[in-house]
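Chains A and B, in that order, give the protein sequences.
Sequential numbering of the first sequence, starting at 1, is according to the working numbering.
Sequential numbering of the second sequence, starting at 330, is according to the working numbering.
Please keep in mind that the hints were generated in silico from the structure rather than gathered at the bench.
All figures in this text were calculated on a predicted structure; none of them were measured in a lab.
The beta carbon of each residue, even a glycine, is placed where N, CA and C say it ideally should be.
Heads up, a few of these hints could be off.
Listed next, the stretches of chain A that the computed footprint assigns to chain B, with coverage defined by at least 3 CB atoms under 8 Å from CB atoms of chain B [to be verified]: (1) 124 to 131; (2) 190 to 201; (3) 218 to 224; (4) 229 to 242; (5) 247 to 259; (6) 297 to 304; (7) 316 to 326.
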Amino acid sequence: MSPPPLRSGVAMSEVAVVGFAGADRSLTTSGVETLVPVITAALADAGLARRDVDFWCSGSSDYLAGRAFSFVSAVDAIGAVPPISESHVEMDAAWALYEAYLKILAGEAETALVYGFGKGTAGDLFRVLSLQLDPYTVAPLWPDAVSVAALQARLALDAGLFTEDDMAGVAGRRADGPYVSCPLREHDVAEVADGAAAMVLASRDRARGLRERPAWISGFAHSVDPQGLGERDLTTVPSAVAAARDAGLTAPVDVAALHAPFTHQELLLRRVVRAGAYLPFGANAMFSAGLSRIGAAAVEVMSGRARTAAGHATSGPALQQNLVCAMEA
Amino acid sequence: MRRAAVLGTGQTEHRTRRTDVSMAGLCREAIDRALADAETSWDQIDAVVLGKAPDLFEGVMMPELFLADAIGAAGKPLLRVHTAGSVGGATAIVATSLIRAGAHRRVLAVAFEKQSESNAMWALSIQPPFSAPITAGAGGYFAPHIRSYIRKSGAPDHIGALVAVKDRRNGARNPYAHLRQPDITVESVRRSPMLWDPIRYDETCPSSDGACAVVIGDQAAAEASSREVAWIRATAMRTEPTFYAGKDHVNPRAGATAARAVFKAAGIEDPLAEIDVAELYVPFSWFEPMWLENVGFVGPGQGWKLVESGETRLGGALPVNPSGGVLCSNPIGASGLLRFAEAAMQVMGRAGEHQVAGAATALGHAYGGGSQFFSMWVVGRQP
Chain A
1 MSPPPLRSGV
11 AMSEVAVVGF
21 AGADRSLTTS
31 GVETLVPVIT
41 AALADAGLAR
51 RDVDFWCSGS
61 SDYLAGRAFS
71 FVSAVDAIGA
81 VPPISESHVE
91 MDAAWALYEA
101 YLKILAGEAE
111 TALVYGFGKG
121 TAGDLFRVLS
131 LQLDPYTVAP
141 LWPDAVSVAA
151 LQARLALDAG
161 LFTEDDMAGV
171 AGRRADGPYV
181 SCPLREHDVA
191 EVADGAAAMV
201 LASRDRARGL
211 RERPAWISGF
221 AHSVDPQGLG
231 ERDLTTVPSA
241 VAAARDAGLT
251 APVDVAALHA
261 PFTHQELLLR
271 RVVRAGAYLP
281 FGANAMFSAG
291 LSRIGAAAVE
301 VMSGRARTAA
311 GHATSGPALQ
321 QNLVCAMEA
Chain B
330 MRRAAVLGTG
340 QTEHRTRRTD
350 VSMAGLCREA
360 IDRALADAET
370 SWDQIDAVVL
380 GKAPDLFEGV
390 MMPELFLADA
400 IGAAGKPLLR
410 VHTAGSVGGA
420 TAIVATSLIR
430 AGAHRRVLAV
440 AFEKQSESNA
450 MWALSIQPPF
460 SAPITAGAGG
470 YFAPHIRSYI
480 RKSGAPDHIG
490 ALVAVKDRRN
500 GARNPYAHLR
510 QPDITVESVR
520 RSPMLWDPIR
530 YDETCPSSDG
540 ACAVVIGDQA
550 AAEASSREVA
560 WIRATAMRTE
570 PTFYAGKDHV
580 NPRAGATAAR
590 AVFKAAGIED
600 PLAEIDVAEL
610 YVPFSWFEPM
620 WLENVGFVGP
630 GQGWKLVESG
640 ETRLGGALPV
650 NPSGGVLCSN
660 PIGASGLLRF
670 AEAAMQVMGR
680 AGEHQVAGAA
690 TALGHAYGGG
700 SQFFSMWVVG
710 RQP
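If we strip away everything but chain A, and leave its shape as in the complex, we get:
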């Protein structure tokens, strides 16, 4: 059973991206202090003052930080005196963007600042991510995230969807060198990085006053698949298909930015989110990377380089959860 898409008449052009800033390779101690310059830059990009933000929403992960309540210290970076209206998701900040988008659609806010941060290099990320798996039956085996992704790549290769050379091509490389986890080579795995990103949203009335050419959100949707690797089709990525459909992506957009931590995932997702061009994905700064991809797509629209664009975010093992944000001039 699919959820009904956002009624297009309601969602169409009610909310726009009016500012963005990111630091996809920042070097930080806790991940929090990177937020101060990033948030400052996003607000400056939007021409908005901190006190003019109606709603704040963030995405981050305690397991990435290696401590409980890690997002609490981020509040110190945003200046919450006097108190602010604020929320947090334990997800990539792309989903925080969705929460903020709905807050504006609901009429509960006119402007929102969304941010994500994470220090992916603090530990062994691919081992940490194995703690996302079923704790009773799968996680005790400690399957690392690269090996889980390799299973998906193998299925896609065996199905003839693409070749190892095609995968290498995503990284601008040739399929040679040793495997990290067959069939994935080093160039098939996005670099793990620390990072932060911040985006400013505004309602229709506010956006027009803030920016000459905002990136209007024309569709925004996400979906999740059952986690079990044998319970879903790892090659068609049903939740990505549902997200793209519900975001109204019926025709190719001018440009898309996909959140694909592995090259085979970029190829799987290109079959779902069709675009004239794809912005290259550099470093995988978890919990801000998805928002950063939406930001990269939004910048293409705001700069005038594209009329339509889509940003994508993923979460969970082997593209379990997917989000698509479609934007237009």
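Use these hints to put chain B onto chain A, whose structure you have.
Frame of chain A, contents of chain B only:
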């Protein structure tokens, strides 16, 4: 603004260790009861919002991912909220926003904590480099704030015990409550061991496994319901830093601001007169008088007097925590949603033995972190 309403609620039996169920089983126990209470089927649920406190409490990173199928989210939008102790309330509020945005017709909000899966004290005690310690141990953290309240307000020593007796006796009327002590007395509370002066053992919340679920619908769904619904008249969330110059831990600005916002949006001018029942997040007994003042039911220094007068008991002018509250059941991530759900149950007339007669308007309240994250809603029999 579009209207939204609670169509039904469900919760688990809360216990120290629910080793009879997995995390999925625990959530399903609450969800199945909520769906039945809401007369809603799985295929009518358009989206799921899951809330819980730190992942380290169970030792699973983003457990909503492995739970996606069990909580009915597969093939649907799934959001995972985490706003510290206020998260249960935030979960309900995010679900309400999904309805008010016009995105969905029926949304399932579910919150849980299964502390027996891991070790909460371990989870709270990790000290990563470059980060300030979070001063683990809630009792030790909050006791100085209570001492400050007593000193400022001149409250007599026994007020905390009065709250503990009321809540534990209320809990004895609630079949889901973890602690149920119908025979507790002020004397027995005051004989219980001192843990963090002035908080005694019997004035402290338990550590529970438990879950709560709420089905929230849009106006059409609410009007199609054959049962009473709880109309969500207003919601509010406010945040402030843990520490800053001028921070008042006894009467935090974020709590007062959230309360003013939620009452204003609900059109309530005199909360004490217009709210029939309140479910306040009271993890240590003394927080009842403190929150009565912070929320604005009474003025500064007056909270303990309302408690002492007995007006916060069942049958009083403002029954507080007729369910027994956090003092009786504390599955941390779910504790806030339980407050919100109990408020809804009261105005739907479905609170059983702890029903407040004629309750038409109720407040649900939650807080978290260092008294810095607040979430509240006002629900009513009428929109």
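These are the hints, each one checked on the structure:
With 3 residues carrying a beta carbon less than 8 Å from a beta carbon of chain B, the segment 124 to 131 of chain A meets the three-residue requirement, and the given coverage holds. Figure legend: the segment 190 to 201 of chain A, annotated as covered by chain B; annotation inconsistent (0 residues with Cβ-Cβ distances under 8 Å, at least 3 required). Judged by the Cβ-Cβ criterion of 8 Å, the segment 218 to 224 of chain A is covered by chain B as claimed, because 4 of its residues qualify and three suffice. For a cut-off of 8 Å, the count of residues in the segment 229 to 242 of chain A with a CB near a CB of chain B stands at 4, and the three-residue condition holds.
Counting residues of the segment 247 to 259 of chain A whose beta carbon lies closer than 8 Å to any beta carbon of chain B gives 0, which falls short of the minimum of three for the stated coverage. Given as covered by chain B, the segment 297 to 304 of chain A fails the check, having 0 residues with a CB less than 8 Å from a CB of that chain where 3 are the minimum. Only when three residues or more bring their CB closer than 8 Å to a CB of chain B does the claim for the segment 316 to 326 of chain A stand; here the count is 4, and the claim holds.
This entry does not satisfy hints 2, 5, 6, going by the numbered hints stated previously.
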